[in-house]
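Peer 1: So the sequence lines, in the order shown, correspond to chains W and R. Going left to right, the first sequence walks through residues 1 to 346 as UniProt numbering numbers them. Going left to right, the second sequence walks through residues 1 to 346 as UniProt numbering numbers them.
No lab work stands behind these hints, which were simulated from the structure alone. Do not take every clue at face value.
Which copy is meant is left open, because identical chains are indistinguishable; a pair holds if it fits in one copy or across any two.
Here are the computed lysine to any residue pairs in the SDA-like style, where the Cα-Cα straight-line distance is at most 20 Å [claimed, not checked]:
1. 32 with 135
2. 232 with 126
3. 232 with 96
4. 32 with 62
5. 32 with 96
6. 232 with 290
7. 32 with 200
8. 232 with 211
9. 32 with 304
10. 232 with 45
11. 232 with 291
12. 32 with 328
13. 232 with 344
14. 232 with 287
15. 232 with 79
16. 32 with 42
17. 232 with 295
Predicted model only: the values in this text are computed from it and were never measured.
Protein chains: 2
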Amino acid sequence: MAPDKRPPTTLSDVARRAGVSPMTVSNVINGKGGVRPDTRRRVLEAIEATGYRVNAVARALAGGQSRVITVFSPQLNRPYAAEVIQGAALAAERLNYDLIVMMLSEQGRSDVSVVTRLAAGALLIQPSSEGRWRRADLPAHVVSVDGPGERPLTVDNYGGARQAVGHLLGLGHTRIGFISGLESGDRQPFPHPPGPHDRDDADERLRGYLDSMAAAGLEVPAGYVQHGDYSKPSGERAAARLLGLPQPPSAIFVSGDAMALGAMHVAQDLGVRVPGDLSVVGFDDLPIAAASRPGLTTVRQPLQRIGEVAVQMLVALAEGRDPGLPPPFPTELVERESTAPPRPAR
Amino acid sequence: MAPDKRPPTTLSDVARRAGVSPMTVSNVINGKGGVRPDTRRRVLEAIEATGYRVNAVARALAGGQSRVITVFSPQLNRPYAAEVIQGAALAAERLNYDLIVMMLSEQGRSDVSVVTRLAAGALLIQPSSEGRWRRADLPAHVVSVDGPGERPLTVDNYGGARQAVGHLLGLGHTRIGFISGLESGDRQPFPHPPGPHDRDDADERLRGYLDSMAAAGLEVPAGYVQHGDYSKPSGERAAARLLGLPQPPSAIFVSGDAMALGAMHVAQDLGVRVPGDLSVVGFDDLPIAAASRPGLTTVRQPLQRIGEVAVQMLVALAEGRDPGLPPPFPTELVERESTAPPRPAR
DNA sequence: TTGAAAGCGCTACCAG
DNA sequence: CTGGTAGCGCTTTCAA
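Build out the structure end to end from the sequences listed, making use of the hints.
Peer 2: Here it is in structure tokens:
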């Protein structure tokens, strides 16, 4: 049962019907000036009547202007990527571009090049986790998020960490633990041009934590810095280690919302009340941070905004302008219910 | 700063280098038999040496075999779609197809046709919520999920509802409320061929609930059936109405995990303990169901599995086989901590 | 203001 | 087994 066997209408069909040459139809479609109003109207009518749609594939082959932006992302069922993509989609729609997302397989078997010639630009999400990108397989313009590359969009991780710890300090906490993301070295470097802004989010947050503690004249006891891998279970394990310390912290800054949720949950399982006995601050402000009970106080990354800016840059680049690289995006502390002043010292 | 100005290698370049005709290169690439081993080897070497990659766009234009499957989905930051897509991606990778996701804008302004000619088939997620699809703008083969269409993949919603209510009944509950999804009529019909399996998830679940209650010889008191829109806030409102009843239920079956989470949270806010005072069962088994506290007992839809099957069907169709339409996918009750026997009657 | 010619990179078809 | 020819549907460049 082959569906719809009629060959689709082509530009020439439209031209014939309108009694003009294919070129004129092309000019009308692409808004190129120099078409007499009534000719234009006739063409438009023919397009309407035939239900014609440009064949984007043919257009791309012929070297026409592309109005497609591609996002390359590993797993879409990660809230982080989903938020960035949502923002990108919003911007694309506003700019009248179409957005295509290509999921990268873990094994890197995906043939990235299928969409390369179709897209005006590409947004790379977490490019470092995938192995070898060949620059030649990517569209002409590339912006990356949460990973290295030429034109990487970054967030003020250091500042965010200081906001988090500052908040805890302000509440009166002095025993503040930290659960970091990947340890340095866990991330693979971006093979090709190592952009000027390469750096490690995890390291910056750690530095922010350390500097805040030092600035407050506070010691960081042994075992107060634990590592996870941004997953909830890893957050549970790290928090369990922290809570098992002889002098457990009264507050934990966790470098990721999923891990923070895990931390809250182990605490609750251990009979440690959040925020009564333990304050928890996360990082990211994913949807789950607001949906959890207690609501998670967290450092907000403007994920959707980042996606928007990425697309705006890509469109500018595609249209011949140079948008430059914006400074790291500022973070913002979102106070919810997972933080409170420490128990009065006994 | 135009990156990489070298024109990419073409098939002819490879042919020249290998000293064969373009056709032979094409045959090697596409695994068409009839190429002498050493010729084949020479071609492979030339490909390797030049770093050649097929131009998928040109191939598609020339009518070649596509190894791309497209998913059309509204908002990617919805866990439901994300899970289905994840499953689809797994299957695609296994079958050596590439997966492309196109986000549909709310306004329906997206130009679906950009990928149409590139893809061997398309998976439509929640097609009913988007307005007018023109069959001609879609790839040759289409499978839809969570919405009508030719070849719709469905889940046993009725059976799932009966599992949920049966579980509650088995625990000893008799006052069981229901929070439904969209009311009938909220969904827009699929314009074109209204497939043989059109039906409304919400209605089926309601029917399952009603039949279970009736089969147990139980009344459904006035106000025990509330409606939401699958969002967490709507679940909160519906649960608040249920809990505000003179004879509030001791258990609620909620037709969606996000709404169920909302129900648990208002209950907690009202001082109603879950599961002590109120049992809650959700539907879907999204990641949040397992990540919440208490863990949400829910009816699991095999979302990833559905995505996999959709891709398998599409690939079969693309390769000329007819996979037929599988029966509704069975659901499974996942017991977690949000359900318990009712308080002993006073 | 409009049109004719050429070709993007590839594959189908049919020769040799 | 291999190669030539034609053409997918569009846009470019240039001429009318």
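Peer 1: Evaluate each hint against the coordinates.
Peer 2: These are the hints, each one checked on the structure:
1. In this assembly of identical chains, residue 32 and residue 135 lie within 20 Å of each other by CA distance neither inside one copy nor across copies; the values are 32 Å within and 30 Å between.
2. Proximity of residue 232 and residue 126 under a CA criterion of 20 Å is satisfied intra-copy only: 19 Å inside one chain copy versus 29 Å between copies.
3. Taking the shortest alpha-carbon separations for residue 232 and residue 96, neither the intra-copy value of 38 Å nor the inter-copy value of 31 Å comes in at or below 20 Å.
4. Taking CA atoms no more than 20 Å apart as the test, residue 32 paired with residue 62 passes inside one copy only; the shortest distance there is 17 Å, against 27 Å between copies.
5. Taking the shortest Cα distances, residue 32 and residue 96 sit within 20 Å of each other inside one copy (17 Å), while across copies they are farther apart (41 Å).
6. In this homomeric assembly, residue 232 and residue 290 come within 20 Å of each other (Cα to Cα) both inside a single copy, at 16 Å, and across copies, at 11 Å.
7. Taking identical chains as interchangeable, the C-alpha atoms of residue 32 and residue 200 are never at most 20 Å apart, the minima being 46 Å within one chain and 47 Å between chains.
8. Taking the closest pair of Cα atoms, residue 232 and residue 211 never come within 20 Å of each other, the shortest separation being 26 Å inside a single copy and 39 Å across copies.
9. For a Cα distance limit of 20 Å, the shortest separation of residue 32 from residue 304 qualifies neither inside one copy, at 34 Å, nor across copies, at 46 Å.
10. For a Cα distance limit of 20 Å, the shortest separation of residue 232 from residue 45 qualifies neither inside one copy, at 57 Å, nor across copies, at 46 Å.
11. Both within a single protomer and between protomers do residue 232 and residue 291 lie at most 20 Å apart by alpha-carbon distance, with minima of 15 Å and 8 Å respectively.
12. For a Cα distance limit of 20 Å, the shortest separation of residue 32 from residue 328 qualifies neither inside one copy, at 38 Å, nor across copies, at 51 Å.
13. For the homomeric pair residue 232 and residue 344, neither the shortest alpha-carbon distance inside one copy (30 Å) nor that between copies (36 Å) is at most 20 Å.
14. Taking identical chains as interchangeable, the C-alpha atoms of residue 232 and residue 287 lie at most 20 Å apart whether they share a chain (14 Å) or sit on different chains (11 Å).
15. Proximity of residue 232 and residue 79 under a CA criterion of 20 Å is satisfied in both settings, with 13 Å inside one chain copy and 17 Å between copies.
16. Taking the closest pair of Cα atoms, residue 32 and residue 42 come within 20 Å of each other only inside a single copy of the chain (16 Å); across copies the shortest separation is 47 Å, beyond that limit.
17. Taking CA atoms no more than 20 Å apart as the test, residue 232 paired with residue 295 passes in both settings, with 16 Å inside one copy and 14 Å between copies.
In terms of the numbered hints stated before, the structure departs from hints 1, 3, 7, 8, 9, 10, 12 and 13, listed from lowest to highest.
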